[in-house]
Structures are given as structure tokens and as C-alpha cells.
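Using the sequences and the hints given, assemble the complete structure.
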Amino acid sequence: MSLRIVVCVKYVPDATGDRHFAEDLTTDRDAVDGLLSELDEYAVEQALQISEAADDAEITVLTVGPEDAKDALRKALSMGADKAVHVEDDALHGTDILGTSLVLAKAIEHVGYDLVVCGMASTDGTAGVVPAILAERLSVPQVTLLSEVKVEDGTVTGRRDGDAASEQLQASLPAVVSVTDQSGEARYPSFKGIMAAKKKPVESLDLSDLGIEAAEVGLAGAWSAVDEANERPARTAGTIVKDEGEGGKQLAAFLAERKFI
Amino acid sequence: MGEVLVYVDHVDGAVRKPTLELLTLARRIGEPVAVHLGAGADTAAPVLAEHGATRVLAADASEFADYLVVPKVDALEQAVTSVNPVAVLVPSSAEGKEIAARLAVRIGSGIITDAIDLEAGTEGPVATQSVFAAAFTTKSHITKGTPVITVKPNSATPEAAPAAGTVEQFAVTFSEGATGTKVVARTPRESTGRPELTEAAMVVSGGRGVGAAENFNIIEALADSLGAAVGASRAAVDAGWYPHSNQVGQTGKQVSPQLYIASGISGAIQHRAGMQTSKTIVAINKDAEAPIFDLVDYGVVGDLFEVVPQLTEEIKVRKG
Ligand SMILES: Cc1cc2nc3c(=O)[nH]c(=O)nc-3n(C[C@H](O)[C@H](O)[C@H](O)COP(=O)(O)OP(=O)(O)OC[C@H]3O[C@@H](n4cnc5c(N)ncnc54)[C@H](O)[C@@H]3O)c2cc1C
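Protein chains in written order, with our numbering: chain A, 15 to 275; chain B, 225 to 544.
Don't take each hint at face value.
Below, a list of computed lysine-lysine pairs in the DSS-like style, where the Cα atoms sit at most 27 Å apart [stated by the list, open to error]:
id: 1; chain 1: A; residue 1: K164; chain 2: B; residue 2: K406
id: 2; chain 1: B; residue 1: K543; chain 2: A; residue 2: K263
id: 3; chain 1: B; residue 1: K540; chain 2: A; residue 2: K273
id: 4; chain 1: A; residue 1: K263; chain 2: B; residue 2: K503
id: 5; chain 1: B; residue 1: K540; chain 2: A; residue 2: K256
id: 6; chain 1: A; residue 1: K97; chain 2: A; residue 2: K164
id: 7; chain 1: B; residue 1: K241; chain 2: A; residue 2: K273
id: 8; chain 1: B; residue 1: K510; chain 2: B; residue 2: K363
id: 9; chain 1: A; residue 1: K213; chain 2: A; residue 2: K84
id: 10; chain 1: B; residue 1: K510; chain 2: A; residue 2: K256
id: 11; chain 1: A; residue 1: K164; chain 2: B; residue 2: K477
What the simulated footprint calls covered on chain B by chain A, stretch by stretch (three residues with Cβ under 8 Å from a Cβ of chain A suffice, anywhere in the stretch; the number is not a length) [claimed, not checked]:
id: 12; segment: 274-280
id: 13; segment: 284-295
id: 14; segment: 364-377
id: 15; segment: 505-512
id: 16; segment: 520-530
Restraint ranges, calculated between C-beta atoms of paired labels, are given here [unchecked claim]:
id: 17; chain 1: A; residue 1: E227; chain 2: B; residue 2: G345; range: 48 to 58 Å
id: 18; chain 1: B; residue 1: G451; chain 2: A; residue 2: E37; range: 42 to 52 Å
id: 19; chain 1: B; residue 1: D527; chain 2: A; residue 2: D82; range: 42 to 52 Å
id: 20; chain 1: B; residue 1: A395; chain 2: A; residue 2: D28; range: 24 to 34 Å
Derived from the structure by calculation, the hints contain no laboratory data.
In this text, a Cβ means the ideal position worked out from N, Cα and C, and glycines have one as well.
Below, the structure written as C-alpha cells:
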């Protein structure tokens, strides 16, 4: 039996760009170039390693997003994923975490899966809760925030480094996994991989294909509303001194003046 | 005013500071009712009461420690059903966010994560968030169900507000999925004796400029002279010089202390995402062009191996 892996990826505005909000207070996706979230590259990498260790596996990369989001799928395919699914629908504009996770869950069920692999968080929204919500919606075990992951004989094991302790986790497939940026650097697409990706299938789905009503998603269907977004005032320029042998003492004087000493 | 459920983050009844901050914020929107899962409710109750908890709903079962996240969601869901609160507040730890998110789906409610402030509003609690690596702040509210909000550490100063804090035990009926993910082993993090990074009033961080694992002792010495926590950039963590649990930034801890001192850190956007909201920022870097200097209240352009030890010495002298 082939191991069916679905990797959820997000197309995000480049974090090194000047990110802004659009007039409707959704993320402005036009102002800054988009890319496959770096944190999802780790998910693709671990999926590839799990697939390489399995006798037989197939990796589907899945994204929910606008037309441009195909770039993220292409990148994942060029890294070595087998096929892609793109959920795209005008009604999705402004969808929040709960709506997005609903669409992802339906699409994952549509594809069929034994293992879902996600990154630890998106680099734009950064909440990091979609994997847990997917496990809830799919009613399968949640094995999240792993810095090490292995799949063997229908069991997934991994190490979760939490705030208070490091935990060794274990669950049976099917399951939802998320991996951190400690799980191992992602590979670069090879030239051969980039060429091969052009021929790999990308299936496009809309909400009706997944049996989701437009009213369940989008800005109007969101479960929370952003009332205002304000640019943080620039920090007032501080004092900068060049160390001429007394830099440490000058700094101590500043800290004392601010009552830290 | 209705009741507000506050999920208690604790270690065997030793309540962690962010929970006390939540109790303080909860009082702005209703009467705080604490939910304490696992052992130690009797130890925790007086502290929770002191900070405003009118009741402490307590449940203990081995499932909480033996399985990941879901048993706690089951318990919290039951507490929501019995209390019918106006909001649920959960500390924004990795686990806290996962618990809150699953709870929101179960009870058909919206969720806001990583709030840095909270106030009462006409349409329910209004949460302030810091987004796009702290370049923006937003205000949001939840439009469906019982608002579930996770709040970051250091978002408020815990205030004493003595209340009854009556402990009420409840028994949890676990869902079928509760035992899905087994915790087969747990290695508690070794205590360094230094303050917790996310809770500390002062943080001293080192980056690639520190150059080697053994050189981190000069960063630690500075931290200890101030009673500060120690942080590190991802470059320093990836090089194996300092543990990942001390990483500050987008994929590490987000800190918001009174004082942040960055040594040998360039100030990449992903690092800034974890420290930009600090009150006072100080940097030591030998490159006058390093982007970290755009953020600082005070910066020293110089070699950290000269500046940091001199600073540590001077602090010791001044402290006598
Ligand atoms: C998805 C993603 C997530 C990330 N998450 C994080 C994160 O959570 N945290 C994080 O920190 N980074 C994160 N990064 C990495 C980030 O982009 C930077 O690479 C990293 O922060 C650089 O660390 P640094 O400043 O220590 O190193 P560098 O950028 O190499 O800077 C070193 C600095 O030290 C100075 N220096 C060198 N020697 C000395 C000396 N003797 N005295 C004084 N100064 C000296 C140099 O002038 C330089 O400015 C992430 C990146 C990505 C893509």
C-alpha cells in the first residue's frame, strides 16, 4: 500500500519586503513579492525524507490561495513532490484561520491521505494553529511542532521541544504532523527537479468541488474582524557612540540613567 | 458582568507568571474563573485567588500528562459548557495556542492568537496584536461564538485583587480522540537558575558575532550582573553555541522585556519579530551599518569582546 502524504503549504508575502494591509484590512498581497513560506519548505523536506524511507509513497502538495499561489506549488514540486492541488476561488479573499482550515480539511479528504505534513506556522499570519485545527477537523491524532519525525509501520514518532520539557510522541496513522525549522534544512530544487516539475499535474479546485458554501469563508464569513491596523511609529532615533575604549562604561551610564542598574 | 475562563499554565501547581497577567486582563471584561488541570490545584488556588479568581475549576487525571493537547481541550470544553463564559483566555505558549484553537473549533467560536493587550468593547473583548514582525499593531474582535483569545507573556503587569478562589473539582469525560497521541517520554528542561526568557524584565542576547559556544560565557556574565535572561539569534543556535529554547525571533521566543541588549546580532527581520516591542533596546555591534542600530535607544559601535566585559565590570562596580 502506498503511503499517501499531503503537505499543506502557503504562499506568503516576502517577510523581507515592506508588508502592509490593503484597504479592507486583509494582507496586501500585491505590494510585496510572494513565495513559498520558508517554514513550509521544512514540511516539504520532511515529507520527501519520509517518502524516501518508505517502500512506496506519493506526495501531494496542497495550497489554498490566489492564482499566484501556484508558484509555491511549483517550488514544492521542483523539490520533489509528485503532484499538486490548488484550491482557488474568488470567495476565499479574506478567509481567516478557521475558514482556511475548513477548506484545507475538505481538500485533504478529497485527495485521500495517510499523513498530513505542515510547517510550524506561516511567516505572515504566524499563529501556528492550523495543524492542530486540521487534526481536530479530520478527527485524527495531532503530532505537532516536531524537530525530529519518523514514520514506520503505520506509526509516526517524533520529538517535540516544548517550553517546559522535550517530549517523545507517538501516534498511529492517519495523523497530522507539523515540523519546526529545527527539523533539518530543506533541499534546493535541482535543475532536473525544476524541469520535471513543469510536467507534474496541478489539480485546480473551487469551493463547489469541495462542497463548501461561499458564505462559510471569505471576509464576510470570518469568525473575527480586524477593526483597525496601525503602522507602529518608528522608534525615536537613539544615541549611537563609537567605542574609543570607554564604550562599556558609557553604556553602563545609560543603563543607570534608565534605572536598570 | 459575566465570567471569563482563564486557563492556568503551571508546573505541579506552581503558577507561571503569564497566567497572573491573564487574570489581570480578564478583570477588564468580567469575573475571572480559573481552570486548573493536573496536580497541584490546592497549591495554585491561593495565588489565583490573590489575583482575582473567584472560582478555581480543577480537574486531575493521568491523561493530561500522558497524551498530547486533546485531554486538555476536552476538559476546557466541559468547563465552557458548565460556566457559559463571556470569553476564554489562554496563555500564548505553543501548547496554549493549540488548545485554544481546537477549543474554538469545538465550541463554534472565533479565535484570536498572540494578543498583546485586551480591553472591553461594545461587541465583546477587543484584542491588540502585533503583526508583520511588529511593524503594525491591529485591533480585532471575535464575531461568532464565545471569544477565545490567547495572550502573550508580558502583556500586562499582574495586579493583586483578592477574590474567593473557591476550588471546585470536576471530573472530565474524555473524548475518543483524547488518547490519540501518546507522550512516551518527557525530559524536563534543566533549570539554569536564570529568569524565564519570555517572562524576564531584562534579556541579554548574543548572535553570530559571539563567535563560539564558549564565548557565550561573557553574554551570561552580563546577564547575571543584571539578573537578566539569556537569548540567542538563530545563527548562534544553528551553530550549536546555545540551546534552541533560548532563541529569540520569529521561530523562537517572542520577548517584550523592559530592556533588551543585543550583542553581535545584525537585526534581521526574523530576529526583530521576536524583540522589536521591547521597551528599551541596546546594541553592541562592530558594524555601524547593522540594521539593529535602527531600533536602538543606545548603541555602541565596537567589538563586543571589549565592550561587554567592560559593561559587566562597570555594572558590578555600580551595584557595589
Ligand atoms: C523562516 C525564517 C525564520 C527565522 N527565524 C529566526 C529567529 O527566530 N531568530 C533569529 O534570530 N533569526 C531567525 N532567522 C534568521 C535570520 O534571517 C538571520 O539569519 C539571523 O537572525 C542572523 O543572526 P545574527 O544576527 O546573529 O547573525 P549575522 O546576521 O551574521 O550578524 C552577526 C552580527 O555580528 C556582528 N559582529 C561580528 N563580530 C562582532 C564582534 N566581535 N563584536 C561586535 N559585533 C560583531 C556583525 O557585524 C553582524 O552584524 C530566520 C530566518 C528565516 C528564513
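Okay, the hints, checked on the actual structure:
1. The straight-line distance between the Cα atoms of K164 (chain A) and K406 (chain B) is roughly 15 Å, inside the 27 Å bound, and the hint therefore holds.
2. Taking the CA atoms of K543 (chain B) and K263 (chain A), the gap is about 13 Å. The hint holds against a cut of 27 Å.
3. Note on K540 (chain B) and K273 (chain A): the hinted pairing holds, with a Cα-Cα distance of about 14 Å set against a maximum of 27 Å.
4. Between the alpha carbons of K263 (chain A) and K503 (chain B) the distance comes to roughly 21 Å, so the proposed pair stays at or under 27 Å and holds.
5. With a C-alpha separation of about 23 Å, the suggested pairing of K540 (chain B) with K256 (chain A) holds against the 27 Å cut-off.
6. For the proposed pair K97 (chain A) and K164 (chain A), the alpha carbon gap of about 22 Å is at most 27 Å, so the pair holds.
7. Our distance criterion of 27 Å between C-alpha atoms is met by K241 (chain B) and K273 (chain A), whose separation comes to about 23 Å.
8. Under the criterion of a C-alpha separation no larger than 27 Å, the hint pairing K510 (chain B) with K363 (chain B) is inconsistent with the structure, at around 38 Å.
9. With a C-alpha separation of about 14 Å, the suggested pairing of K213 (chain A) with K84 (chain A) holds against the 27 Å cut-off.
10. At most 27 Å may separate the alpha-carbon atoms for a hinted pair to count; K510 (chain B) and K256 (chain A) meet this at roughly 9 Å.
11. Taking the CA atoms of K164 (chain A) and K477 (chain B), the gap is near 26 Å; set against the 27 Å cutoff, the hint holds.
12. Coverage of the segment 274-280 of chain B by chain A is violated. Counting CB-CB distances below 8 Å, 0 residues qualify, and the rule asks for three or more.
13. Against chain A, the segment 284-295 of chain B contributes 3 residues with a C-beta closer than 8 Å to a partner C-beta. That satisfies the three-residue criterion, and the hint holds.
14. Beta-carbon proximity to chain A at under 8 Å applies to 6 residues in the segment 364-377 of chain B; the threshold of 3 is reached and the given coverage holds.
15. For the segment 505-512 of chain B, the proposed coverage by chain A is satisfied: 4 residues have a C-beta within less than 8 Å of a C-beta in that chain, meeting the threshold of three.
16. Counting residues of the segment 520-530 of chain B whose CB falls under 8 Å from any CB of chain A gives 9; the rule of at least 3 is met.
17. A hinted range of 48 to 58 Å is violated for the C-beta pair E227 (chain A) and G345 (chain B), which are about 29 Å apart.
18. Here the CB-CB span from G451 (chain B) to E37 (chain A) is close to 47 Å, well matched to the stated 42 to 52 Å.
19. Between D527 (chain B) and D82 (chain A) the beta carbon distance is about 45 Å. The supplied range of 42 to 52 Å therefore holds.
20. Here the CB-CB span from A395 (chain B) to D28 (chain A) is close to 51 Å, at odds with the stated 24 to 34 Å.
In summary, the structure is inconsistent with hints 8, 12, 17 and 20 from the numbered list given earlier, while agreeing with the others.
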